[in-house]
Amino acid sequence: MLKQVYVNKSVLEAARERIAYIFDEFENIIVSISGGKDSTVLAHLALKEANRRGRRIGLFFLDEEVVYESTIEQVDYLMNLYPQNTIKLWLQIEFNLTNATSLTEPYLRCWEAGKHKIWMRPKRKDAIHHPSWDRESEVILNKDIGLDFYAVLKNFQLTRHNTAFLVGLRATESPNRWRAVSKNPGYKDIFWSTAMENGNVSFYPLYDWNFHDIWKYIYDEKLRYSKIYDYMYKKGLGLSEIRVSSLIHEKSFKALVELPEFEPKTYDRLLRRVKGISVGNLYGKESKMLQVSKLPKNFKSWRHYRDFLLETYPDQTKKEIFVRRFEKHLDNEYVARQQCRQLVLNDYENNLPVDNKPDPRIERLKYWQEVL
Amino acid sequence: MIRIGLSDAEKRDIVQRYIQNHGITNVYAFSWESFHVSFDVDVPIEYYGYKDIIEYKPFYHLLEVIDERSLLVFNECMRTQNRSDLTYNCAHHYCNQTPHKIVFETFPFIEDKDDFMILLDFLDKGKYKGKSFDWSFLHDEDVRAKPRRIIAESIDVGHTAKALQEYEKKKVQLLDGLGNSDPDTIPRNLHVFVGRYKAAHILPGLEYVARNDRFKLPNVTTYKHVERRDYIVIDFPHRRLDFNDFLKTTGMRRVQFLNTGLKVDQHYFRELQHWIGRLEEFYAKASLCE
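Chains as they are written, first to last, in my numbering: chain A, 1009 to 1380; chain B, 669 to 958.
Think of the hints as simulated: they come from the structure by calculation, not from any bench.
Please note that a few of the clues may not be correct.
Lysine-lysine pairs mimicking DSBU-like chemistry, simulated, CA-CA at most 35 Å apart [unchecked claim]:
(1) A:K1056 to B:K797
(2) B:K769 to A:K1243
(3) A:K1224 to B:K838
(4) B:K795 to A:K1191
(5) A:K1242 to B:K719
(6) B:K781 to A:K1302
(7) B:K793 to A:K1017
(8) A:K1293 to B:K892
(9) B:K793 to A:K1308
(10) B:K892 to A:K1374
(11) B:K931 to A:K1302
Derived CB-CB ranges, DEER-like [to be verified]:
(12) A:M1297 to B:Q841: 27 to 37 Å
(13) B:K719 to A:N1206: 56 to 66 Å
(14) A:M1297 to B:G929: 44 to 54 Å
(15) B:S804 to A:Q1299: 35 to 45 Å
(16) A:I1148 to B:E736: 57 to 67 Å
(17) A:R1132 to B:T748: 45 to 55 Å
(18) A:N1364 to B:E714: 45 to 55 Å
(19) A:P1183 to B:N857: 34 to 44 Å
(20) B:G929 to A:Q1377: 13 to 23 Å
All C-beta atoms in this analysis are idealised placements derived from N, C-alpha and C, irrespective of residue type, glycine included.
I would like the entire structure built from these sequences, with the hints used as guidance.
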């Protein structure tokens, strides 16, 4: 738990001051938006400041294609809130997204040329359809997947110089990430920032906002927000589960279980677009399937199940990635269950890292052996 | 306010007085189904079972009707140690809409003092969110406790050398055959196993309680079917919450346990003694006695 120290200033006042400071210091400002609640607030605060100063700022949205329709409506709303102050940077380019729901189609190439008939929706006329960087010197972060989400962000940022990128990261939502980015000041003595190449800097003006601060601002300013939040809230999802993101990667595929109920048309289009969607829908929350929390009955142990999954893994190249990774792990049931999860969810990128430690169940067993 | 250890009559009295003193116009009472209390009040009252708290129909209805003159009563609603449980989260939505909340519990916690935060969350979730238990919180809020003291006594029935041999054999068998099952099933199964050495000590004319109906005796009942009277415990339920419910339902203050002296019996009996110790510590340190 992060320790919070209260000062005699509201988070809203502080955020306004931070944004004003960024406007004072930087000529070029770009706000990254996702259609979620945090970036909605951040974009609104920045746009108001831009409007007050008669300046224009970029709103950057990397369109993953397979997202909620409500997300698209929200981004559209933000891009048109202050049109005179907005530079639309809506990227609809080809890149690869992990697909956790299918082993035969391990990733989706979103906006893939030639597949426009099955795209989730047509490309927008006001969007950017081609990479604005030199493809020869394009940065690839993970050679196994090629140009992925983070690589696109990296390449886009490299096209800019001396630019402030505003990101809606909040410390309470992601303490680990916050610790990682705030270790050192990224710009002058500002700890809520990270330095990047070309004199670019990422700033996090909402870093000290809590969940309730975000919703209060949205309410007070009468802002529109993604309908998905209402659906999820009504459905009784926990606060940490309520999020808008891609629908198919290993951390968000559970959204597929509720998708037909929330957005039937999006689900219908998704079925035609990507393999494995109905698997995600049917088994996204099944303990013996994609949750990988219970051992299927025909296996003696998690290790047995892991070996079977490895043996039958359809993609030889990806299989090697898993084999190499698992060789470094401890050989126990606790670790093997997590390895099974990686295999079932096709997580060759290691986004769901394995907690590599002795099996706590063995410790419990030892305890009972002593006590009984 | 939080009130610990009150009888149904005392709970009714508190609710009545609260309504009179605070200009309450409506009461919404939530109870664990087995411990329902009817309140005789002059304002409209709606009753909800614990399981209703998360249901769509009552949830949206309650969000619409609860206002700052409503009184919410949570009666024996501490049903899980998970502070972030969905039922608690839904209840907090109701609690946010009125300053008037009364929380009744027989015991201040399920297992240990940290559970008390669940009751404080009912009063003000925002204030206690993410905080661990601290004794000072008891004095920051209107908390009173009427200690319900429990005494644990062992009726030693002993065991033979053969019983010990069989016990050890069973233990090894359970450990070897565990497979992927939860290790906690071992003490549960062993505890039931040693019941066979207690059968000869079940006396007619006395009432007993066991985990299941395996003794087939008219004076041995299961935890599900206990009534308000004294029982001698043959074996304990594994979950503390189930035993607390047993104490609440029967009203027992003195727990007598048929103890073979085998390690598993000693373990369960020792756990009960530790729980009683924590309870006494809470009463002593909290200094909230009426």
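So, going through the hints one by one against the coordinates:
no.	hint	result
1	A:K1056 to B:K797	holds, 33 Å
2	B:K769 to A:K1243	holds, 26 Å
3	A:K1224 to B:K838	violated, 60 Å
4	B:K795 to A:K1191	holds, 29 Å
5	A:K1242 to B:K719	holds, 17 Å
6	B:K781 to A:K1302	holds, 32 Å
7	B:K793 to A:K1017	holds, 23 Å
8	A:K1293 to B:K892	holds, 32 Å
9	B:K793 to A:K1308	violated, 44 Å
10	B:K892 to A:K1374	holds, 32 Å
11	B:K931 to A:K1302	holds, 31 Å
12	A:M1297 to B:Q841: 27 to 37 Å	holds, 33 Å
13	B:K719 to A:N1206: 56 to 66 Å	holds, 58 Å
14	A:M1297 to B:G929: 44 to 54 Å	holds, 47 Å
15	B:S804 to A:Q1299: 35 to 45 Å	holds, 41 Å
16	A:I1148 to B:E736: 57 to 67 Å	holds, 59 Å
17	A:R1132 to B:T748: 45 to 55 Å	holds, 48 Å
18	A:N1364 to B:E714: 45 to 55 Å	holds, 52 Å
19	A:P1183 to B:N857: 34 to 44 Å	holds, 41 Å
20	B:G929 to A:Q1377: 13 to 23 Å	holds, 19 Å
In the structure shown, a violation is registered for the earlier hints numbered 3 and 9, in ascending order.
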